[in-house]
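Participant: Each protein sequence line maps, in turn, to chains A and H. In terms of full-length UniProt numbering, the first sequence opens at residue 1 and continues consecutively. In terms of full-length UniProt numbering, the second sequence opens at residue 1 and continues consecutively.
Errors might be hidden in some of the hints.
Since the list can't tell identical chains apart, any single copy or any two copies may satisfy a pair.
Straight-line C-alpha distance at most 25 angstroms; calculated SDA-like pairs for lysine to any residue [said to hold, decoys possible]:
| hint | residue 1 | residue 2 |
| --- | --- | --- |
| 1 | Lys10 | Leu423 |
| 2 | Lys424 | Gly376 |
| 3 | Lys76 | Ser410 |
| 4 | Lys10 | Val252 |
| 5 | Lys190 | Asn77 |
| 6 | Lys335 | Asp103 |
| 7 | Lys10 | Gly376 |
| 8 | Lys331 | Pro210 |
| 9 | Lys73 | Pro345 |
| 10 | Lys397 | Arg362 |
| 11 | Lys397 | Tyr408 |
| 12 | Lys70 | Asn277 |
| 13 | Lys424 | Glu148 |
| 14 | Lys354 | Pro258 |
| 15 | Lys190 | Leu158 |
| 16 | Lys335 | Gly297 |
| 17 | Lys269 | Lys331 |
| 18 | Lys397 | Thr312 |
| 19 | Lys397 | Gly376 |
| 20 | Lys288 | Met248 |
| 21 | Lys343 | Gly297 |
Hints are computed from structural coordinates only; laboratory data are not their basis.
There are 2 protein chains.
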Amino acid sequence: MEQHFPKGNKPRIVIVGGGFGGIELAKKLRNKNVDVMLLDKHNYHTFQPLLYQVATGGLEADSIAFPLRKIFKGQKNLTFRVTEVHKVDAAENTIETSIGMIDYDHLVLATGSTSNFFGQAEIEYNAMPMKSIPEALNLRSLILQNLEAAQIAADPLLRAQLLNFVVVGGGPTGVETAGALAELKKHVLKNDYPELNIDDVNIYLIEGSPELLGAMSVQAQQKSADFLHELGVTIMNNARVSAYDGAMLSLVDGQHIPSSTVIWSAGVKGVVLDGLNAEKVVRGNRLKVNEINLVDGYTNIYALGDVAAMITDEFPNGHPGVAPAAIQQGKLLAKNLMNIIEKKPTEPFKYFDKGAMATVGRNRAVVDLHKIRFQGVFAWFTWMFVHLMTLVGFRNKLVVFVNWVWSYFSYDRGTRLIIRPFLKEKSTDEELAVQNETKTS
Amino acid sequence: MEQHFPKGNKPRIVIVGGGFGGIELAKKLRNKNVDVMLLDKHNYHTFQPLLYQVATGGLEADSIAFPLRKIFKGQKNLTFRVTEVHKVDAAENTIETSIGMIDYDHLVLATGSTSNFFGQAEIEYNAMPMKSIPEALNLRSLILQNLEAAQIAADPLLRAQLLNFVVVGGGPTGVETAGALAELKKHVLKNDYPELNIDDVNIYLIEGSPELLGAMSVQAQQKSADFLHELGVTIMNNARVSAYDGAMLSLVDGQHIPSSTVIWSAGVKGVVLDGLNAEKVVRGNRLKVNEINLVDGYTNIYALGDVAAMITDEFPNGHPGVAPAAIQQGKLLAKNLMNIIEKKPTEPFKYFDKGAMATVGRNRAVVDLHKIRFQGVFAWFTWMFVHLMTLVGFRNKLVVFVNWVWSYFSYDRGTRLIIRPFLKEKSTDEELAVQNETKTS
Chain A
1 MEQHFPKGNK
11 PRIVIVGGGF
21 GGIELAKKLR
31 NKNVDVMLLD
41 KHNYHTFQPL
51 LYQVATGGLE
61 ADSIAFPLRK
71 IFKGQKNLTF
81 RVTEVHKVDA
91 AENTIETSIG
101 MIDYDHLVLA
111 TGSTSNFFGQ
121 AEIEYNAMPM
131 KSIPEALNLR
141 SLILQNLEAA
151 QIAADPLLRA
161 QLLNFVVVGG
171 GPTGVETAGA
181 LAELKKHVLK
191 NDYPELNIDD
201 VNIYLIEGSP
211 ELLGAMSVQA
221 QQKSADFLHE
231 LGVTIMNNAR
241 VSAYDGAMLS
251 LVDGQHIPSS
261 TVIWSAGVKG
271 VVLDGLNAEK
281 VVRGNRLKVN
291 EINLVDGYTN
301 IYALGDVAAM
311 ITDEFPNGHP
321 GVAPAAIQQG
331 KLLAKNLMNI
341 IEKKPTEPFK
351 YFDKGAMATV
361 GRNRAVVDLH
371 KIRFQGVFAW
381 FTWMFVHLMT
391 LVGFRNKLVV
401 FVNWVWSYFS
411 YDRGTRLIIR
421 PFLKEKSTDE
431 ELAVQNETKT
441 S
Chain H
1 MEQHFPKGNK
11 PRIVIVGGGF
21 GGIELAKKLR
31 NKNVDVMLLD
41 KHNYHTFQPL
51 LYQVATGGLE
61 ADSIAFPLRK
71 IFKGQKNLTF
81 RVTEVHKVDA
91 AENTIETSIG
101 MIDYDHLVLA
111 TGSTSNFFGQ
121 AEIEYNAMPM
131 KSIPEALNLR
141 SLILQNLEAA
151 QIAADPLLRA
161 QLLNFVVVGG
171 GPTGVETAGA
181 LAELKKHVLK
191 NDYPELNIDD
201 VNIYLIEGSP
211 ELLGAMSVQA
221 QQKSADFLHE
231 LGVTIMNNAR
241 VSAYDGAMLS
251 LVDGQHIPSS
261 TVIWSAGVKG
271 VVLDGLNAEK
281 VVRGNRLKVN
291 EINLVDGYTN
301 IYALGDVAAM
311 ITDEFPNGHP
321 GVAPAAIQQG
331 KLLAKNLMNI
341 IEKKPTEPFK
351 YFDKGAMATV
361 GRNRAVVDLH
371 KIRFQGVFAW
381 FTWMFVHLMT
391 LVGFRNKLVV
401 FVNWVWSYFS
411 YDRGTRLIIR
421 PFLKEKSTDE
431 ELAVQNETKT
441 S
């Protein structure tokens, strides 16, 4: 399998990662006189802002993912490969991947971010991340498995543990997930699990700082907390997790919450490839880049989006890890790469902040568009409209729209299936057989 | 975890399996003076007739599955449990399951069928079955993985192997799968994989008897073969597989086809639980039942649908393994169980044959409704209408309908995602880690 993919005559731009930034860059290089090679470990682009709806049974995974080959249908100068990238060899202008060695003239790291457990291995092992489709599906399975297990749990302590759902991290993902769980409890669980006392189901949202949605306006912060209270979520501010063994969550202040389901949305870190100068990795595991996204100390390696830290006075830790920042950087980098190849002057990046929004539940969302801030029903429709429009692909827009309209009228969430049971222990052959389910089901 | 679930005051009917027969029986027992306990290893009902569309990227898995708890929402006399059933202890009127011992007064086996490899272990290990949602998703992943691998295969023999897709078995599932693969090749692959020569992609349909769709009319048989020819499928009749090692398929007549993707739809066998009298297991691994679906030799154990063989002059091997037979048996059994409990006379089963149909591709289907037989566009719309109407749940109908309409106009198939890579070797930790993808993606 060890192959070598040498360059052709045109300059080759290798892009690692088919997220928002990577695909924007690749698209803008269409019809340019370069060879573009896009690499991703998946054969699809993931619309991460809606992963929480997959995890809570509101949407099918296939409706928020889009085949990368289809995005680039007809783009003649682009080659796509499904592969893991192992290492960068900057001296040789080549990368080591699971399909072989790939040469580049310009390398763009659009590798995104992954959950940050801040070095706490036990929590990392036991808590559930939600940054990819397989992770979201695992979480969906776990939530449903724990509800099934609660139905037959004879021990009241075990029952409590199975029915306590804890979301750690009060950013947009945490707020949206806690809200979705609360709606699942309110509208679905009481019908699906008549044997359960629905009041025994508890949803906790744990946030280390004094407020939720730290990056948003005070109105949005307060209103989202109000919305979550209305939905019955227990918000714990100024609370920090010290340990989680899979059964008991411990907070720094000594409190304990028995829980089998801890969802980790407390932070992300950039995915940095091996072989790069470790001194250029700054806060949040991001690569320090200059105003044209060139990684500090390199002449032909770029980083953009979540993995890039373009440090400015306004953004001392780099730009926020949101889709618009990655898209804007990808768009400009396409232009600048062509400028560099054609030996023209480059243009520095300027971030256009599109505002922020988060949805808590039906008719309950918060929107900050700079000075314009609103919350409630209209904010909720705005949130849905913006997400629908940003979703890649007409089929996906259609299926998500159908699901949302259907959910709106039925108060239901349609896709609560345990397609692959989630098993924490990943060691024995028997469990492997269940996880694979290749021959047995 | 070893619990015991004793009966209450009312007679308890335990139903194993939430397929067409099991859910029909359970529904018809609504508001009757019995306790119904429905067991299934999944928390959802699978609409098996459309599994091949999931495997070929036409539909999302969630649109052909329906949560069992939702089907029985509000049915107060029904308890549902997700569990594997290990063994029947008929002497004690109890079953051993993964959640504990469950007592019954009447036991109904609606366990369905699984792929039949006729004892050929090597073929069973290497060929892909398609009888459940995880299996269909594994097949989807494998097809897409092999196309990706073909893009970078330097060895022409390996490329040929990766691009030959073989369907074994020319019944409705085999015909529909071969047709769907041919349409995938025609409309999707040439856009998605511009580096491939699409003529190198071959689809074979292998059938042991002289004709396809053996159970249908001669018109349907001939027309479906014509349709498949039009779509470029190579049909091999009177051909039997002798071996398949994962790379080379061998036929009894000495021919060989290099292929990495062999889809097995050559037969099914009933899923019979341990503990039952092996002498009552007849052809097709079905349980011999009498005219009220009582298993021969037992007084309170019933079997219905695919796992039951009600042998009559007209049906010397039992009824066909199709949804209507299971549904009709489930419906009557509900009535007869109440008759038995209330000590009234029972009513013998009479099968109403609803006809048969199969779709080959866009505008190409064959329908036999007794004397009325038609093929082509109208048959295709009939097929779609009947399947849409039979699908459980309004949301599912809606999502499938949206997908079909969208595919009709776009000539596309929307869900070609490798969500979990399929790995044949299931032994090493590394592969396990990829398969689980819990923490890594």
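Participant: So, for every hint listed, does it hold in this structure?
Facilitator: Okay, the hints, checked on the actual structure:
Taking the shortest Cα distances, lysine 10 and leucine 423 never come within 25 angstroms of each other, neither inside one copy (48 angstroms) nor across copies (36 angstroms). In this assembly of identical chains, lysine 424 and glycine 376 lie within 25 angstroms of each other by CA distance neither inside one copy nor across copies; the values are 38 angstroms within and 50 angstroms between. Taking the shortest Cα distances, lysine 76 and serine 410 sit within 25 angstroms of each other only across copies (21 angstroms), while inside one copy they are farther apart (45 angstroms). Taking the shortest Cα distances, lysine 10 and valine 252 never come within 25 angstroms of each other, neither inside one copy (57 angstroms) nor across copies (52 angstroms).
Proximity of lysine 190 and asparagine 77 under a CA criterion of 25 angstroms is satisfied inter-copy only: 16 angstroms between copies versus 54 angstroms inside one chain copy. In this homomeric assembly, lysine 335 and aspartate 103 come within 25 angstroms of each other (Cα to Cα) only inside a single copy, at 22 angstroms, whereas the closest approach across copies is 71 angstroms. Taking the shortest alpha-carbon separations for lysine 10 and glycine 376, neither the intra-copy value of 53 angstroms nor the inter-copy value of 50 angstroms comes in at or below 25 angstroms. Proximity of lysine 331 and proline 210 under a CA criterion of 25 angstroms is satisfied in neither setting, with 36 angstroms inside one chain copy and 59 angstroms between copies.
Neither within a single protomer nor between protomers do lysine 73 and proline 345 lie at most 25 angstroms apart by alpha-carbon distance, with minima of 31 angstroms and 66 angstroms respectively. Proximity of lysine 397 to arginine 362 under the C-alpha cut-off of 25 angstroms is found in both arrangements, the shortest distances being 19 angstroms within a copy and 24 angstroms between copies. Taking the closest pair of Cα atoms, lysine 397 and tyrosine 408 come within 25 angstroms of each other both inside a single copy (16 angstroms) and across two copies (17 angstroms). Proximity of lysine 70 to asparagine 277 under the C-alpha cut-off of 25 angstroms is found in neither arrangement, the shortest distances being 35 angstroms within a copy and 54 angstroms between copies.
With identical chains, the CA atoms of lysine 424 and glutamate 148 are at most 25 angstroms apart within one copy only, with a shortest distance of 16 angstroms there and 30 angstroms across copies. Proximity of lysine 354 to proline 258 under the C-alpha cut-off of 25 angstroms is found in neither arrangement, the shortest distances being 40 angstroms within a copy and 54 angstroms between copies. When the C-alpha separation of lysine 190 and leucine 158 is checked against a cutoff of 25 angstroms, the pair qualifies only within one copy, where the shortest distance is 20 angstroms, while the shortest distance between copies is 54 angstroms. Proximity of lysine 335 to glycine 297 under the C-alpha cut-off of 25 angstroms is restricted to the intra-copy arrangement: shortest distance 21 angstroms within a copy versus 79 angstroms between copies.
Only within a single protomer do lysine 269 and lysine 331 lie at most 25 angstroms apart by alpha-carbon distance; the minimum there is 23 angstroms, versus 56 angstroms between protomers. Taking the shortest Cα distances, lysine 397 and threonine 312 never come within 25 angstroms of each other, neither inside one copy (36 angstroms) nor across copies (52 angstroms). For a Cα distance limit of 25 angstroms, the shortest separation of lysine 397 from glycine 376 inside one copy, 23 angstroms, qualifies, whereas the shortest one across copies, 31 angstroms, does not. In the homo-oligomer, the alpha carbons of lysine 288 and methionine 248 never lie at most 25 angstroms apart, since the shortest distance is 38 angstroms inside one protomer and 51 angstroms across protomers.
For the homomeric pair lysine 343 and glycine 297, the shortest alpha-carbon distance inside one copy (20 angstroms) is at most 25 angstroms, but the shortest distance between copies (88 angstroms) is not.
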